[in-house]
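A.B. asks: Chain by chain, the residues run as shown.
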Amino acid sequence: AQTVTQSQPEMSVQEAETVTLSCTYDTSESDYYLFWYKQPPSRQMILVIRQEAYKQQNATENRFSVNFQKAAKSFSLKISDSQLGDAAMYFCAYRRALANDYKLSFGAGTTVTVRA
Amino acid sequence: DVKVTQSSRYLVKRTGEKVFLECVQDMDHENMFWYRQDPGLGLRLIYFSYDVKMKEKGDIPEGYSVSREKKERFSLILESASTNQTSMYLCASSAGQGALGSGANVLTFGAGSRLTVL
Chain A
1 AQTVTQSQPE MSVQEAETVT LSCTYDTSES DYYLFWYKQP PSRQMILVIR
51 QEAYKQQNAT ENRFSVNFQK AAKSFSLKIS DSQLGDAAMY FCAYRRALAN
101 DYKLSFGAGT TVTVRA
Chain B
1 DVKVTQSSRY LVKRTGEKVF LECVQDMDHE NMFWYRQDPG LGLRLIYFSY
51 DVKMKEKGDI PEGYSVSREK KERFSLILES ASTNQTSMYL CASSAGQGAL
101 GSGANVLTFG AGSRLTVL
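Protein chains in written order, with our numbering: chain A, 1 to 116; chain B, 1 to 118.
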């Protein structure tokens, strides 16, 4: 399995502030997909944002944006203007861009706490 | 609204019991997956299936088996439950190769089944 590393078990952020979650991965592939998933306390995992490795432009989704550094194999998530509803566990995930290979490898997760 | 439904949210079983975890999706997805989630380890892939009656081992298949007799249903089976299988189990599905660009990449998850083996 591909290795995905999230070095921050927990992060805390003040409401309306910005927090950045780190993710590094190990691969010998040149093309792949990267994801951030969010798991709120209710446990239903949902997709936050995705990035195709062949795209140089960093993906953004409203208050969520990524900093994709392909050479460094780094894929960080920035949450801007943090809201109480952002409190969750966040998982970074990787998938090879091969036909008929749909498996995702996940990191250990980062728990984000938002302080009111 | 698309859904992945896991039949049991919480289960308590005894060592040696046979355990069935059921997962049903209503999105006509080809791909289905079983992951287990443990603190500090994230999600680890147990088994996956890309088609009916097809199954492949993931990273930690030992002690588990699966069944996919119908496209919408993917069952995880613990033949003889052990205490080290106490965990949160997550089912997920995704569209297959014929899906529009992003569809094949996005996993839709169920709410999870927390299994405790005593």
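I should point out that these hints are in silico values taken from the structure, not numbers from a laboratory. Misleading hints may appear alongside valid ones.
[As the list claims (entries may be wrong)] Cβ-Cβ distance ranges computed for the label pairs, FRET-style:
{"hint": "1", "chain 1": "A", "residue 1": "GLN83", "chain 2": "B", "residue 2": "LYS53", "range": "21 to 27 Å"}
{"hint": "2", "chain 1": "B", "residue 1": "MET27", "chain 2": "A", "residue 2": "ALA72", "range": "33 to 39 Å"}
{"hint": "3", "chain 1": "B", "residue 1": "SER65", "chain 2": "A", "residue 2": "THR111", "range": "18 to 24 Å"}
{"hint": "4", "chain 1": "A", "residue 1": "GLN57", "chain 2": "B", "residue 2": "GLU17", "range": "48 to 54 Å"}
Each residue gets a CB set at the ideal place from its N, CA and C atoms; glycine is no exception.
A.B. asks: Would you mind marking each hint as holding or not holding in the structure?
C.D. replies: Structure-based check of each hint:
1. A C-beta distance of roughly 45 Å is found between A/GLN83 and B/LYS53, which places it outside the suggested range of 21 to 27 Å.
2. Taken as a hint, the range 33 to 39 Å holds for the pair B/MET27 and A/ALA72, whose Cβ atoms sit roughly 36 Å apart.
3. Our hint of 18 to 24 Å for B/SER65 and A/THR111 is violated, since their Cβ atoms are close to 32 Å apart.
4. In this structure the hint that A/GLN57 and B/GLU17 lie 48 to 54 Å apart at CB holds, the actual value being about 52 Å.
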